[in-house]
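Protein chains in written order, with the numbering used here: chain A, 1 to 287; chain B, 1001 to 1288.
Mixed in with the good hints, there may be bad ones.
[Stated by the list, open to error] Beta-carbon label-pair distances, calculated as ranges:
1. Gly-1078(B) to Ile-22(A): 25 to 33 Å
2. Gly-144(A) to Trp-1158(B): 52 to 60 Å
3. Gly-144(A) to Asp-1039(B): 49 to 57 Å
4. Ala-1015(B) to Arg-19(A): 55 to 63 Å
For the record, the hints were derived by calculation from the structure and aren't laboratory data. Using N, Cα and C, we set each Cβ at its ideal position, and we do this for glycine too.
Listed below, chain by chain, are the residues.
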Amino acid sequence: MVHKTTITPNPKVWFFAERTLIYSLIAVFLFITLSPLVWVLSTSLKPNTEAISFPPKILPKEPTADNYIFILTDLTLARSLINSFLVSIGSTALSVAVSSLGGYAFARFDFKGKNVIMSTILGLFMIPVVINIIPLYTMLANLGLLNSIVALMLTFQILIIPLNVLLMKSYFETIPKELEEAALIDGCSRLGVLRRVTMPLSMPGFAIAAVLSFRFSWNEFIIPVVLSNRSDSMVFQVALYQFISLYRIDWGYLTAGITLSLIPVLVLMLSFQKQMIRGLTLGAIRE
Amino acid sequence: MSSIFVKAEPYFFLAPSLAILFVFLIFPLFWNTYISLHDVSLVTILNPWKYIGGANFLDIFSDPNFYMSLRITLMFVGGSVALQFGIGLLMSVLLQYQVKASGILRAIFIIPWTISAVIAAFSFKFIFDDNFGILNYILNQIGLQSVGWLSDPNIVIWSLVIANMWYGTPFTILFLTAGLLSINPTIYEAAAIDGATRIRSFRHITLPLLRPFIVINLVLITMWSVNFFDLQLIMTGGGPLFASTTASLYMYRQAFEFGLLSKGAATGIVLILINLSVAFLYLRFLRR
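Isolated chain B, as found in the complex:
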C-alpha cells in the first residue's frame, strides 16, 4: 500500500504544473483546430457553432492581404533577426575583450529586454512621430525632408524592425555572453602562443565552440519575431492599411478587429506550420 503511494508521489508534485499547462496551453492548441473548422465570430460566439469544413482556409488563401502579410513577415523577421543577431554577437564578443566596466555595461544593455513591449512601442512611436518626433526634427535641422516613418507604407515595416532591434538585441547579448563564458579561456592563451591573431582565433575557436548557442539563439529569435506583434499593434495597428500587418497580426486583426474568430484560428494554424518549419530548418542545419 505504502509503496504504491511512494511510487505515485512524484506525480502528485507534478500534477499542478501539468494540469495548468494542459488546460491553458495544450487543450487550446487542439481547440484552435476545432474553431478553424467552424463559423465563429465575436457576435455569434455564444450561439451553436456551424461546421463549415475548410471554408476558413479557402478564405484566407484567397485573400491578397494574407499573402501580403506573409511577405511583410519575411521582411520583418529577416530584418529583425539579422540586426539582433549581428549586433548581439558583436556586442557580446566586444564585452569579452577585457573592457572596463563590462558588468555595468551588460546591466545597461539588458534594460530594453526587461521592460514591456508596450513601453518599447510607445517610446518609438514617440520618436518616429511625423510631426513631433525627434527623428524628423533632427532630419529637418540638417536640411533633410521629414520621413513618414510610420505613415509611409514602404518605410513603416523597417521602422518597426528598428524598434524590434532595440527591444530584442539584449536577449541575444545575454544568451551569447553565456555561451562565451562557457568557453575555457586557456584555449585562447594556447592559440595566442601559437601566433593566432584575434580575428583568426575568433573564426577558428570562438565561432565553432559557440555554434550550438548560435543555433538555439537563432531559432528563438526567429520564432519570436514571427509570432511577435505587440510593437506593430501599438505603433501602427498594422497600418497604413495592411502595410505593417505581419501574419501574426493578421491573425489578431481578423479575430478581434473584424470579429472573424474562426478565420483568425485558421491563420493560427498556418502560423504553427511556419514555426515548425523554422525549427526544422535550423535543426537540420545544426546536425550538419
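With the rest of the complex left out, here is chain A:
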C-alpha cells in the first residue's frame, strides 16, 4: 500500500468554497430559467408604447390589463382558446379511458402475444410523430376531416397512449390482486370489479395520466397547425402563431397571449409536481 500525503486545505474553508460554487452555479441556471418568463410577464402588463420603449424596464411603470383584454375579446383568439379547452379536455378523457383499459389488460391478464404487444407499444413511443404529419394530412383531406376538432382529439392520442398505457399498467400493479379476486368470488363481473373496486383505488394514477394528457394536448403545435388551421377550428397555439403573421408583431399582445396559454398547464403541473416526477420515472425506468 503506497501512502500518498495530500495537502488537505482547512476543511471548513474547503466546505465553504464548495458550497459557494454549488450555489452560484444553481443561481446562474435559476436566472437563465426564470428571466425569459419574467420578461414576458412584465411586458404583457405594459402598454404597447412602453413595451418597445428604451431603456426597457423590468417592472411596468403603469401596469395595465389592456393586452389581456385585447386577446380575450378578439373573436378568433377567444374562439381558439375555447377550442383548445375542448380539444384538450376531450383528448384527455379519451386517453385516460382508453389507456386505462389497455394498462389493465397488461397488469392483470396473461395472454398470448402479451410481450410482443407491449414491446410494440413501447417501440411506437420512439416513432417521431412529426413524420406522420404528411400521411395524416392526406388521409384526413381525403376523408374530408381536416379542420375537425374530433379528428384532432383522435390524432393527439398517438402522442399520449403509449406513455399512459405504461403508466396505468405500473399503477394497477400496485393495487393488490386479492381485492379484486374477493369481489369476483362475491359474484361481481370483471367490468363491475373494475368500476367498484379498482377504479376508486386508482384515482391517483388517473390523475397523473390526465395531467400528462392535458399537457401534451394543450401544448401540441405541429399537428394542429397542419391539420386544423381554419379560424373556426384552430387551437390557441396555432392562433397565436397566425396572429404574428397577420399583424405586425405587437409584443404587448403577444406576451399577454403567451402568459394566458401558460397558465392552465403550469397550474396543473405545479400542483401535481411530485406525482408527475414519480409517474414519469415509473414509465421511464421500467424498460
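On the provided structure of chain A, position chain B as indicated by the hints.
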C-alpha cells in the same frame, strides 16, 4: 364457450388503444412510403395520384438545400444535445448535494419543459429581436455592436440551439434526477469512509451506475432534437433563406410551404433512417 370469452377478454381491453394506434400511427407510417412514390401536391391531393417511382428521392438528393439541411441538423442536434446533457447532468448532480430548498428548485427548473414550444419560441424571438430585443439592448449598453441573432445566417442556428437548451434541459434534469435517486446512498457512505473524494466517487460510483439512464436520456434527446422543428418554424420559418432549416423543417417546408407533399414524404423516410441509425449507434454503445 365461456372459456373462449375469458381468453378473449384482455384483447377487448386492449382493442381501443391498439385500434387508435394502428389507424393514426402505424398505418400512416406505411402510407408515407406510398405517398413518397407518387406525385402528390397540395393542389392535386384530391385527384388520382400518379406513380413516379423514385423521382422524389432523386429530387431531394439533387437539392443543395437538402444537404445544407443535413449539415444544419448536425449543428442543431450536436449543440442541443451537448448543452442539454452537460447542464442537465451538472444541475441534477448539484441538486443531490443536500442543497437547501432543492424541491422548490427542481419544481422551478422543470417549468420550461411543461410549457409549449410555441411559448418558448415566442419568448426567445422577443429576446433575440434585432431592434427591440433585450439582448441587443444589453450589448449596446456595454458598448458592443448589435448582433443579428435571428437574421445573420451564420449565427441563427446557434441562437436556436440556445432556445432549445432552455426548453429541453429540464427533461434531462428530471430524468437524471430519477436515475440518481435510484442509487443507494449507503454506497457513497462506504466510499467516503474509504477516503474517496466527491469527484472520485462521482467518477467511479455515480457515472457507472447512472450509465443506463444516461444512454436512454441521450437517445431520447438526440432523437427529439432531430425531429423537433417547432422552434425553427416559429422563430425564423427556417430562414434567412435556408440557414436554419433542419432536415425535419425541410420536410415540413417542402410539404406545406411549397406544397410538394410527396417530396416531403420522401424526406420523412430519410428522417426515419436517421432516427434508426441514432438509436442503433447508442444501443451498440450501451451494450459495450
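Checklist entry - Quick one: are Gly-144(A) and Asp-1039(B) within 49 to 57 Å, going by C-beta? => result violated, 22 Å
Checklist entry - Quick one: are Gly-144(A) and Trp-1158(B) within 52 to 60 Å, going by C-beta? => result This hint is violated: roughly 44 Å between Cβ atoms.
Item to check | CB-CB spacing for Ile-22(A) and Gly-1078(B) relative to the 25 to 33 Å hint | outcome: holds, 28 Å
Checklist entry - So the hint says 55 to 63 Å: do the beta-carbon atoms of Ala-1015(B) and Arg-19(A) match that? => result This hint holds: roughly 57 Å between Cβ atoms.
Going down the numbered hints, you'll see the structure goes against 2, 3, while the others check out.
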